[in-house]
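Using the hints, position chain B against chain A.
So the protein sequences, as listed, match chains A and B.
Counting from 1 along the first sequence, just add 19 to a position and that's the residue number in this note's numbering.
Counting from 1 along the second sequence, just add 43 to a position and that's the residue number in this note's numbering.
Don't take every hint at face value.
[To be verified] Just some of the chain B residues that point at chain A, by a computed CB distance under 7 Å:
| hint | residue |
| --- | --- |
| 1 | M44 |
| 2 | S46 |
| 3 | G50 |
| 4 | V51 |
| 5 | L58 |
| 6 | M124 |
| 7 | N128 |
| 8 | V135 |
| 9 | P142 |
| 10 | G143 |
| 11 | L166 |
| 12 | L171 |
| 13 | V173 |
| 14 | D174 |
[Said to hold, decoys possible] Here are the simulated EDC-like cross-link-like pairs (lysine to aspartate or glutamate), alpha carbons at most 16 Å apart as the crow flies:
| hint | chain 1 | residue 1 | chain 2 | residue 2 |
| --- | --- | --- | --- | --- |
| 15 | B | K152 | B | D130 |
| 16 | B | K141 | A | D47 |
| 17 | B | K139 | A | D47 |
The set of hints was computed from the structure by calculation and includes no laboratory data.
Glycine included, each C-beta is placed from N, C-alpha and C at the ideal position.
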Amino acid sequence: MVIFIYVLLGIGVLFNGLGSFALLRFPDVFTRLHGATKCTTFGSIFTILATVAYGFWGLARGVQGDLTLAIHALLALVALLLTNPTGAHAIARGARRSGVLPKRAVVDAYEGYKYEEGKE
Amino acid sequence: MRSVITGVAAFIIYLLLTMESGSIGLWSPEELITGAILALAVGLIGGRVLGKGGADYKKLLNPRRWATFLVYLVGPFFFAMFRANLDVAYRVITGKIKPGIVKISPGLKSDLAVTLLGNSITLTPGTLTVDIDKENNFYIHWINVRNPKPSPEEVCGRFPRWVRRIAD
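Isolated chain A, as found in the complex (with noise of 0.2 Å):
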């Protein structure tokens, strides 16, 4: 089991680190972004895995407390999958609209895409 919990966590920060990797590699904000959310995403849900199989192991062991550590971990996890791709969104959408360009686009659709002020 301990072994289980290690091969989780082991996932999880290879996924992460890669998140860190691609900041450094990728061109520009856009480009960036994709790494930082697809990354750090799939690897915080394998480290938070790792501390439901703990919870829940506890939880045959009978110790108290590990119930609420697992079902903790898994809320948090529901409000990581919710707010992570929003948040990148705000970016991604904030950047283009003060007129942050792509670097190395092949194609721009958002050329000529009028924003106007307060007419959501």
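Just chain B now, with coordinates in the frame of chain A:
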């Protein structure tokens, strides 16, 4: 009706957060009372937001939609996310990118469906939602543009069909 649904949802989440605190079931009486008061307040204040933006909130009470949502989450969505990570890993290592912003029109109606599809697109291979206009067209940053004027299927596969079944 809206306030009742919101309040019950808030109460359930409060109960989940305070599990194992006492003797009545798994909860202590103090937590139950606090939870009830807070749920009442949340229901009264936040109820009017439910169902705004064209979503028919009564449809969301249908358990079949929730079941579809769970199947979607652990099946195609998780698989796509796994592929997305391998894809990003490949591009980080080789540096092969061909980015661009493309426009697709999946033809969704309610705000909830648009949110769900937007978030799914952001977390799946090579795509990132940049903006959504009034006609619910998506502007998507695509890291490897294969077609400058793509159909929704080329960008996000079968997701629009799933989302329509869940939330539209």
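What hints, given by number in increasing order, does this structure fail? Of the numbered hints given earlier, those the structure breaks are 1, 2, 3, 4, 5, 15, listed in rising order.
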